[in-house]
Amino acid sequence: MKDANAIELRNISKRFGKVIANDRINLSVRDGEILAILGENGSGKTTLMNMISGIYYPDEGQIFVHGEEVTIRSPKDAFPLGIGMIHQHFKLVDVLTAAENIVLGLSGPTKLDITAVATRISKLAHKYGFDIDPFKKIYEMSVSEKQTVEIVKMLYRGANILILDEPTAVLTPQETDALFAVLRNMRDAGNAIIIITHKLNEVLALSDRVAVLHKGKYIGTVETKDATVESLTEMMVGKKVKLDIERPDPVDPELRLKVKDITCVNKEGVITLNHASFTAFGGEILGIAGVAGSGQKELLESIAGLTPKESGEIDYYPPNKPMQEISKLSAVEISKLGIKLSFVPEDRLGMGLVGPMDMIDNMMIRSYKKGGFFWADRRAPRTLAEHIISELEVATPGVTTPVGKLSGGNVQKVLVGREISSAPIVLMVAYPVRGLDINSSYTIYRLLNEQKKRGVAVLCVGEDLDVLLALCDRILVLCDGRVTGIVDARTATKEEIGLLMTHTGKGARKDG
Amino acid sequence: MGVITVFIQKAIGQGVCILFGANGEILTEKSGNLNLGVPGMMYMGGIAGLAAAFMYEGAVAVPNAFVGFVLALLAALAAGALGGLIYSVLTITLRANQNVSGLALTTFGMGVGNFFGGSLSKLSGGVGQISTAATASAFRLKLPLLSDIPVLGDVLFSYGVLTYLAIVLSIVLSRYLNRTRQGLCLRAVGESPATADAAGINVQLYKYMATVIGGAIAGLGGLYFVMEYSGGTWTNNGFGDRGWLAVALVIFARWRPLNAIWGSLLFGALYILYLYIPGLGRATQEIFKMLPYVVTIIVLILTSLRKKKEDQPPESLGLHYFREER
Amino acid sequence: MARNIHGAHEPLLHISKREDCGFLRACAVRLIAIALALVVCGVVIVALTGLNPVEVYAGVIDGAVGSSRRLWVTIRDTLSLLLVAVALTPAFKMRFWNVGGEGQVLIGATATAAVMINFAGKLPAPLLFAAMIAASILAGMVWGVIPALFKAGWNTNETLFTLMMNYVATQFVAFCVVYWENPAGSNSVGIINASDKAGWLPPLFGLTYGWNLVIVVLLTAFMYVYLRYSKQGYEIAYVGQSVNTARYAGINVKTVIIRTMAISGALCGLTGFILVSGSGHTISTTLAGGRGFTAIVVAWLSKLNTFTMMLVSFLLTFMAKGAIQIASQFSLNENASEIITGIILFFVLGCEFFINYRVEFRHRRREG
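If you read the sequences in order, they're chains A, B and C. Just so we're aligned, residue 6 is where the first sequence starts under the working numbering, counting upward by one. Just so we're aligned, residue 5 is where the second sequence starts under the working numbering, counting upward by one. Just so we're aligned, residue 722 is where the third sequence starts under the working numbering, counting upward by one.
It is possible that some hints are incorrect.
Stated by the list, open to error - Only pairs whose alpha carbons sit at most 20 angstroms apart, straight line, appear in this in silico EDC-like list of lysine to aspartate or glutamate: (1) A:K151 x B:E314; (2) A:K345 x A:E455; (3) A:K265 x A:D193; (4) A:K141 x B:D315; (5) C:K814 x A:D363; (6) A:K265 x A:E318; (7) C:K975 x A:E338; (8) A:K132 x A:D36; (9) A:K220 x A:E171; (10) B:K313 x A:D99; (11) A:K142 x B:D315; (12) A:K222 x A:D469; (13) A:K96 x A:D36; (14) B:K313 x A:D363; (15) A:K230 x A:D469; (16) A:K141 x B:E319; (17) A:K272 x B:E319; (18) C:K952 x A:D382; (19) B:K293 x C:E902.
Just so you know, the hints here were simulated from the structure itself, not pulled from any lab data. Model, not experiment: these values are computed from the prediction.
Isolated chain A, as found in the complex:
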């Protein structure tokens, strides 16, 4: 039985606890085709692909490879079927060369003839137009070179169905063009290629068909040639959902924070924040939107003094006191100067809280310096912990239970509760309701609104546009580290923000 579909998914569902990550999804990709899977963060794209590559096992549904139903329990099962997935985090050994990584784990004669391996790699590279040096060590490579090694590794092992998870997220425009050229060559050679992305211009430039997911549901598949940025945006962000979130009007907003031309460069030398400027006012919630990795983390951490800045200035305006420039200050100095800046980081149990420690000790992360020279005050934190438990209805056996054992919603309540307890003037929260159930989410919204009414300047990084539109007063949109717009949340539409989020200023990139 011959089937034109390289892979076909029928009614695939996957649940994680109560969360439905994929809900009865149907999808197919043909040989010699590039299929783009488009969707916002959390729409279930990666989960779906992980089921094809054997990382997860579907709860329901069937997978067909070249017309035959298959069971894929582990990546080891996916290999013989010709399925290879390139993850966002590369699985490579740094001190080994490209060729050594590519051949790692393959069986063969005891003596490893690395020259023969290199020759085969060069042949593959020549066939598809890769630029790869088999003898270069991984740690000497740029991100795009590492990605090339991952792709060649899959091809070397005989993969003919390739899945790439957000492959361009870490690439420069030139590297992206080179990657696309290679992917087209691979398609023309008859391979099936699936690329997960949320960048519309890339979808339009590269793919043959587009499948759209939204919040775990399959929206539909369209031929790329019939699609436009607008039509795809509409499919991707979905219909506007009415949320019942309270939004009081700001009362005499006062300037609290002025960010001027901040630029950050990460360890790899990539610009993560590019001349970002904005102002934040007390008594309002400023939303920050953008696809993942657009500079949200760096924006908040640079204000908190945790990420070094290349250039730019941050001014802090406390009520009834003179302005202070905090751009040069580290987190140590900010806390010493008593600047009332609270921060709920994205990584709750890796940065904001310590999982194995109990609630009292976690309260003390912010307060342990108070009081005399030697003793750390444990009484006030205990009272605070008890207060948070009763006020925010934290479900926990007691203040001495390690916070790592609490559920996600309760962990977040503990963290937010601690951060607002210090009566902040600026409150920064990153993805405050990620992974939380509806009730906990509403508790968090209520807390943010209370702070707003107290006159706090709230900065809220979010991923769900419906929530940002219902909760915030203004929304700042980041794209590739640049501020592409600041809109009024009461009048803006999802489509408008969606376009700003994917707007790279270059428009759809020309082919090869």
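Dock chains B and C against chain A, hints included.
The following block gives chains B and C in isolation, referenced to the frame of chain A:
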């Protein structure tokens, strides 16, 4: 024989047992296991070899040197491997802390060595010092003809078989690590077990094999000391800090067996240098014995300052890897 | 027909992290482990010597606590082991592998001896003791801070660095021993100030080792309080748990690393003072006697709880002293104690697995 010739001979004599220990530890550390039980395993190897030879020589009227040699060799290998196995079961299967398990192994191994070394003859009903002259003679047998060449013969060919085995072993180990598929897999396990696991490599098996075989090799270091260096006798704590020197040599050689060959010669030379510098007081001599460690510390600092990837310890050294805890 | 591709064999055993192991259960597991270890040791003893293991164990007890003098020697050695373990604790809590306790003790002891030899008779007793204590603390501190500086600045591997520092210290002591040799040619320092006992810790409340007891117990209690209730203790805990959180909390991580190692080294140095001034009254390369290493095991087995360390140090010293006794009683070799200690350690280290993990035989998994 000239002073320099004797100096080189003595330096090699000191270096060989460190070289065995270092080779065993390089193999072990390449799998990500930092086994601080090296001194213990060397003691175990030494005493096992000695005990095997002693019992054999006591059991037969006219001991055959060659039989004694084989028995001692096998016993030393087995005892060293046993040490590595104890460490492996504790750290790999039972997930105990590597540093603590290694130190416990050193305590145990040194205890075993000194206990049996001191009471072997008494336990078997004899009196006085252990001596296994016949077996030791086999270990001390020089290469015929070649060793008779003047100077060159003394410098290059005047050693027992274990000396040459140590050098051959280093070369074989180097080729194994760098030129074979298994060696590649082993390096991947030590660098990034998660990546190795994803590539279908049996991480636990590699760790076990490397650690057990590494222990056996370290055991040969102890055997060299009792047989070729001491001539088949035992002195309690006579082995000294050679086990820790082996750990130092691993760092000094930057985890490369070929570097360990000349490194062991250098360590051996530094260890006895004080004997050859005229006019040193006894106190100053002790300061000279510090040199191998000081040199190692300098190498350790320099490699961390230079941050050259190839010179760093294996990335996952000292860490556990369990798939479900990723 | 569906083509089923089965993965590798399902593992027979399923190992999962145990969320909460009750205190009683944990104690029971450890007791079983120690009991098993003693059985194994017993088997080894019988196999080697043909002696009755029960008699041998009775000999152990007799040797460790059989007379007042033996009991006090056991207590004295427990105290010095305990102090090293206490000294290592803050470093371990910070996840800094200080395996250099041996060297830090030795260098502290050398500094003490230096003051004792050079200033006896020149300083009044209180000043002499103050100088000895200060010298031992300072020397240990320097020995601990050197690796810490490189760890903080360049992330130099501290396990290997501190390990090497041990032998630099050993050779330095060897140098000093020859330098201070008494009588000449003996290659030993002999008893320092044997005639006037200058710089010897005097008996306290009529107890020879009274001062040792007071100093070590006070420091043990202090370390407990320091780690649990002080600001610096919290900083150490945050750095140890997550450097990210520490930075977020506004902690200067490098300062904490260096300061904590200064404390750890200082207390090790002070142990050196106690060993010289409070018990040995001499200095030699084997003065620390492996305590720096054994203390690592003690601290680790006690889960960094300083009061548990009292128990564990006593247990290990008890076994060691007892074994020395049976060695002479049955004319064996005193190194038997290390074998017995090693076997007990193996079992106790291994048994932690059964406290931290749940092992289940995997049953048939549901078909997908």
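Against the structure shown, which of the earlier numbered hints fail to hold, in ascending order?
-> 3, 13, 14, 15
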